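Asks: Sequence order for the protein chains is P and D. Numbered per the numbering used here, the first sequence finishes at 115, counting up by one with no gaps. Numbered per the numbering used here, the second sequence finishes at 115, counting up by one with no gaps.
Hints were generated in silico from the structure; no laboratory data involved. Given the structure is predicted, the values throughout are model-derived calculations rather than measurements. Any given hint could be a false lead.
Okay, derived cross-link-like pairs now, BS3-like style, lysine-lysine, Cα gap no bigger than 25 angstroms in a straight line [claimed, not checked]:
id: 1; chain 1: D; residue 1: 69; chain 2: P; residue 2: 38
id: 2; chain 1: D; residue 1: 102; chain 2: P; residue 2: 53
id: 3; chain 1: P; residue 1: 40; chain 2: P; residue 2: 53
id: 4; chain 1: P; residue 1: 41; chain 2: D; residue 2: 102
id: 5; chain 1: D; residue 1: 69; chain 2: D; residue 2: 49
id: 6; chain 1: P; residue 1: 40; chain 2: D; residue 2: 49
Residue-level listing of the chains:
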Amino acid sequence: DTEVTQTPKHLVMGMTNKKSLKCEQHMGHRAMYWYKQKAKKPPELMFVYSYEKLSINESVPSRFSPECPNSSLLNLHLHALQPEDSALYLCASSQDVGTAAYGYTFGSGTRLTVV
Amino acid sequence: AQSVTQLDSQVPVFEEAPVELRCNYSSSVSVYLFWYVQYPNQGLQLLLKYLSGSTLVKGINGFEAEFNKSQTSFHLRKPSVHISDTAEYFCAVSERGTGFQKLVFGTGTRLLVSP
Numbered sequence: 001d002t003e004v005t006q007t008p009k010h011l012v013m014g015m016t017n018k019k020s021l022k023c024e025q026h027m028g029h030r031a032m033y034w035y036k037q038k039a040k041k042p043p044e045l046m047f048v049y050s051y052e053k054l055s056i057n058e059s060v061p062s063r064f065s066p067e068c069p070n071s072s073l074l075n076l077h078l079h080a081l082q083p084e085d086s087a088l089y090l091c092a093s094s095q096d097v098g099t100a101a102y103g104y105t106f107g108s109g110t111r112l113t114v115v
Numbered sequence: 001a002q003s004v005t006q007l008d009s010q011v012p013v014f015e016e017a018p019v020e021l022r023c024n025y026s027s028s029v030s031v032y033l034f035w036y037v038q039y040p041n042q043g044l045q046l047l048l049k050y051l052s053g054s055t056l057v058k059g060i061n062g063f064e065a066e067f068n069k070s071q072t073s074f075h076l077r078k079p080s081v082h083i084s085d086t087a088e089y090f091c092a093v094s095e096r097g098t099g100f101q102k103l104v105f106g107t108g109t110r111l112l113v114s115p
């Protein structure tokens, strides 16, 4: 299995809703990442998990809350989002943070719309 | 810190014509270089990467890129494009070093292949 699977593919949520994005990989990768991509822009790093522990938070607002329940699963919990948070949210993984240079595997993303 | 410049936001080309997508980077240390492709409503797929060794790198789907250290460039080429190559192409760089090295993306180049 050489894929990163993200669910749901599309999500529409109100500003008072609570929702979660899910990411799963079975490649034995020990580093997982959340990226945010606005329309016609490059992906921007949000969080880095290494061996199931939060390693880097790129000054992301607290309305985004990541969680890594086990080595294969990464969640992003969303609460009280703003319309400007609408974007494509990408999950990625790599063998570990030190060998990320050898390549990330990206999921297909969740297209989030906040209304 | 490293940075990436993709000078062309959009490159129109006819099917079966050659194409070159330009990428220049800036860094005070040695780097790893990457090209990713993003098809509409998809995640990112690694096309090719330069880590070390031969400066001419071959990737998937007939693409290749050449690392030029003196010009700090990593241009992507394909001798004959197909309609299916229409996509967004991102050049990315990460610095060599221990631990996590952030992957920094360029702003992307949209390749438009027409019949």
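Asks: Each hint: holds or not?
Replies: Now the hints, each set against the structure:
1. D:69 with P:38: Violated, at roughly 31 angstroms.
2. D:102 with P:53: Roughly 17 angstroms between the alpha carbons, so the hint for residue 102 of chain D and residue 53 of chain P holds.
3. P:40 with P:53: Measuring from Cα to Cα gives roughly 31 angstroms; hence the hint is violated.
4. P:41 with D:102: Roughly 17 angstroms separates the two Cα atoms, so the pair holds.
5. D:69 with D:49: Since the Cα atoms of residue 69 of chain D and residue 49 of chain D sit roughly 15 angstroms apart, the hinted pair holds (cutoff 25 angstroms).
6. P:40 with D:49: Measuring from Cα to Cα gives roughly 23 angstroms; hence the hint holds.
The structure fails to meet hints 1, 3 from the earlier list, while all remaining hints are met.
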